[in-house]
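Asks: Start from the sequences, fold in the hints, and give me the full structure.
As you go down the protein sequences, you meet chains Y and B in turn.
Just so it is clear: in the first sequence, position 260 is 260 by our numbering, and no numbers are missing.
Just so it is clear: in the second sequence, position 59 is 59 by our numbering, and no numbers are missing.
Quick caveat, the hints were computed from the structure, so don't treat them as lab data.
Mixed in with the good hints there might be a few duds.
Unchecked claim - Computed far set for chain Y versus chain B, every beta-carbon distance over 12 Å:
1) Asp59
2) Tyr160
3) Gly186
4) Met228
5) Ala273
Said to hold, decoys possible - Just so you have them, the derived chain Y footprint on chain B, three or more residues with Cβ under 8 Å:
6) 44-57
7) 115-128
8) 221-231
9) 238-248
10) 256-264
11) 273-279
Backbone N, C-alpha and C define an ideal beta-carbon position, used for all residues, glycine too.
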Amino acid sequence: MVGWFDAYAVSIVDGIAFGLLYFTLAVGLSLVFGMMDVLNLAHGTLYLAGAYLAYALSDGGWGGLVLGLAAGIAVGLGGGALLAAMTQPLAHRGHLDQALLTLGLSIVGAEVFLLASGGEPLPAEPPAGLRGSVEVLGHVYPAYRLLFIGVAGVLALAVYLAFERSSLGALVRATVADRDMVRTLGVDTRRVLFGVFAVGAVLAVVGGVLGAPILGPAPGIDGHVLVMSLVVVVIGGLGSVRGALLGALLVGQVDTLGRAIAPDYAAFLLFGAMFVVLAVRPGGLISMVKSA
Amino acid sequence: MSQLDRRQALKLFAGLGAAAAVPSLAACGGSSLSEDSGSGSSGGPIKIGMLAPQSGVYKVIGDDMINGFKLYLQLHGNKLGGREVDLIIADEGETGDSGRAGAEKLLKQDKVLAMTGVVSSAVMGAIVDMVETAQVPLVGSNASPTTLQGVTYIWRTSYVNDEPGKALGEYLGRTLKGTVYCIAADYQAGKDEVNGLLSTLPKDKLYGDPVYTPFAPNPTTNFQPYLTAIKQSDAEAVFCFYAGSSAVEFVKQYKQFGVNKRLYAPGFLTEGKVIESQGDAALGIFTSMNYAADLDNPANRTFASEYQKQPGWGIPTTYAMASYDAAAVLDKAITIAGDDLTPQSLNAAIGKIGQIDSPRGAWQFNQNRTPLQKWYLREVRRDGGVLSNVLVSELTTLG
Chain Y
1 MVGWFDAYAV SIVDGIAFGL LYFTLAVGLS LVFGMMDVLN LAHGTLYLAG AYLAYALSDG
61 GWGGLVLGLA AGIAVGLGGG ALLAAMTQPL AHRGHLDQAL LTLGLSIVGA EVFLLASGGE
121 PLPAEPPAGL RGSVEVLGHV YPAYRLLFIG VAGVLALAVY LAFERSSLGA LVRATVADRD
181 MVRTLGVDTR RVLFGVFAVG AVLAVVGGVL GAPILGPAPG IDGHVLVMSL VVVVIGGLGS
241 VRGALLGALL VGQVDTLGRA IAPDYAAFLL FGAMFVVLAV RPGGLISMVK SA
Chain B
1 MSQLDRRQAL KLFAGLGAAA AVPSLAACGG SSLSEDSGSG SSGGPIKIGM LAPQSGVYKV
61 IGDDMINGFK LYLQLHGNKL GGREVDLIIA DEGETGDSGR AGAEKLLKQD KVLAMTGVVS
121 SAVMGAIVDM VETAQVPLVG SNASPTTLQG VTYIWRTSYV NDEPGKALGE YLGRTLKGTV
181 YCIAADYQAG KDEVNGLLST LPKDKLYGDP VYTPFAPNPT TNFQPYLTAI KQSDAEAVFC
241 FYAGSSAVEF VKQYKQFGVN KRLYAPGFLT EGKVIESQGD AALGIFTSMN YAADLDNPAN
301 RTFASEYQKQ PGWGIPTTYA MASYDAAAVL DKAITIAGDD LTPQSLNAAI GKIGQIDSPR
361 GAWQFNQNRT PLQKWYLREV RRDGGVLSNV LVSELTTLG
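Replies: Written out as structure tokens, the structure reads:
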């Protein structure tokens, strides 16, 4: 057992890093879908925007990273508000129309990034002091990924506490559970909606800024992270922060530890896990949304 | 209310449609408005169609190919075989469908005398029948899957996909004492390269079975699980096949996770712009390619120095070189075809051009309509502050 653990320790730690990365994306997607029934397929574009920001503003020092984070928050707020405003008129028209709109936006976004970047994958380097690797218990691991686990872990905890323990979080949870009831209580649910959309977008862009040295800006990355976060949402269940966190950590492990143990089945593992969860719990592990 | 929404939606779609159409319109702009027919022996300008990606993930390679061809024209007074050239560029895009649309435009609308370009093997597969039926020569400068055989009108100035692997397999079998761990992206080109390696590498020098990392629907971006397995193996060296953003990720993570085994690969792992993104992690990687920018021969001294004089082009790649050679092939063949210049006579003339004095060294077409050429071993080193693929030795002659 100790030997087994030692052989796969790096994969397990790396699975946590990727799980937390997927969480920053999936939580916004899950809440927005669970709350306002809006399927935002442009969510991956927000990550890509963050990753490009990190590349553009990185200067090899900590200043660049801080600047990137500040710009990421601004871009996330703006992008989230814009997406919320654009999908609002389509709210009563079903998922297909929303999917078309947001998918169209993501295609336009991808093409804009392609033109701006020239199509080549760009190197978003972490601050100089974190570029190397560190040795922990005889295992070599990239220093930046360790820091990322710490920062993203704190971020996830903060989101979790705000959502589960604060009164604002209670309002959001109530809106997910029964929008009409909250409206009857005199709360303007559209403001809650805009707020959640914006916070979700900020998390996705910040995820991009922080994640760029791990999953860097390149054409196609938007689609990749979108698919991963959709899988997380399906596994974790809609409209729940706990579900998104659990789903993301599970997906992270399946995608790294699973690959390490059974490389021949790498392509099937992720969707196999999704299949198993759907067969056992069709609503996902923890779902806050009433099934219609 | 709902009608208004529908109108808004229609407007939106119209807008999206226009946005999508703009790049392709821009790509086929330029001189395509000229009314002359491509063929004919009047001595007027001839039309050469270039199918190269102007959008999508292969755009970087497409740009290199366009640069290579344009440089040849620039150095030869915009003439091929003494005839003024009207170069028409069509967007190849990313998929077989987008490539077919571009080829159809060049063949049917522009009625070009000959075509060149083509980055993607999928596009090559999609246009084989169209080109053969149209009987217009295609002097391709990149895509050359092993499955493309027995064609009459399709030539390639690049190499067959399994040749970089073949060139390395023989060398590794000769020089290594231990075994080679083999890992590649799970698609046709990756399998071609691995099969090339296995065809020349002695069986007892291969570590286990080749490992393929998923490519579709999502290319593998986190190589940690595979790298840990490589690190724990007792293989002496590693052979990998990756290109584009996968190449960047693989090389960076290879270093980050502290794998110390020597890395060998077909040249695209470190070719062109990807090497800048890989940075110092690429140092010490050995690759096989039919070209190195620092090859010492008269043709390359002209090509490489003129290429680097152009702002923003950087160090010439094998893609640019193969496209430069495609222009040289057409130059010679148009001269041989003389006054009776039709696509068919040009195709016959390409078979008679003999040796091409190329930046990669002299080569000629073989039976398969691909080059019989030398292969080189290169190592990534810092050369005057810039990372580049530095020539180490000749490997073998293939084709």
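Asks: With 12 Å as the threshold, tell me whether Ala273 (chain Y) passes as away from chain B on beta-carbon distances.
Replies: 15 Å, holds
Asks: With a C-beta cutoff of 8 Å, work out whether three or more residues of the segment 115-128 of chain B approach chain Y closely enough for the coverage to hold.
Replies: That given contact is violated, which follows from only 0 residues of the segment 115-128 of chain B lying within Cβ reach (below 8 Å) of chain Y.
Asks: With d taken as the least Cβ-Cβ distance between Gly186 (chain Y) and chain B, does d exceed 12 Å?
Replies: 26 Å, holds
Asks: Are three or more residues of the segment 221-231 of chain B within 8 Å, CB to CB, of chain Y?
Replies: holds (count 7)
Asks: Closer than 8 Å Cβ to Cβ for three or more residues is the test here. Does the segment 44-57 of chain B pass it with chain Y?
Replies: holds (count 3)
Asks: Confirm or reject the coverage of the segment 256-264 of chain B by chain Y under the rule of 3 or more residues with a beta carbon closer than 8 Å to the chain's beta carbons.
Replies: holds (count 3)
Asks: Using C-beta distances, would you say chain Y covers the segment 238-248 of chain B, given that this needs three or more residues below 8 Å?
Replies: holds (count 3)
Asks: Confirm or reject the coverage of the segment 273-279 of chain B by chain Y under the rule of 3 or more residues with a beta carbon closer than 8 Å to the chain's beta carbons.
Replies: holds (count 6)
Asks: Just double-check Asp59 (chain Y) for me: nearest Cβ-Cβ distance to chain B has to come out over 12 Å.
Replies: Nearest chain B Cβ is 15 Å from Asp59 (chain Y), so the label holds.
Asks: If we take the beta carbon of Met228 (chain Y), is the closest beta carbon in chain B still more than 12 Å away?
Replies: 8 Å, violated
Asks: Please confirm whether Tyr160 (chain Y) is truly not at the interface, meaning its C-beta sits more than 12 Å away from all C-beta atoms of chain B.
Replies: Holds: least Cβ distance 25 Å, greater than 12 Å.
In the structure shown, a violation is registered for the earlier hints numbered 4 and 7, in ascending order.
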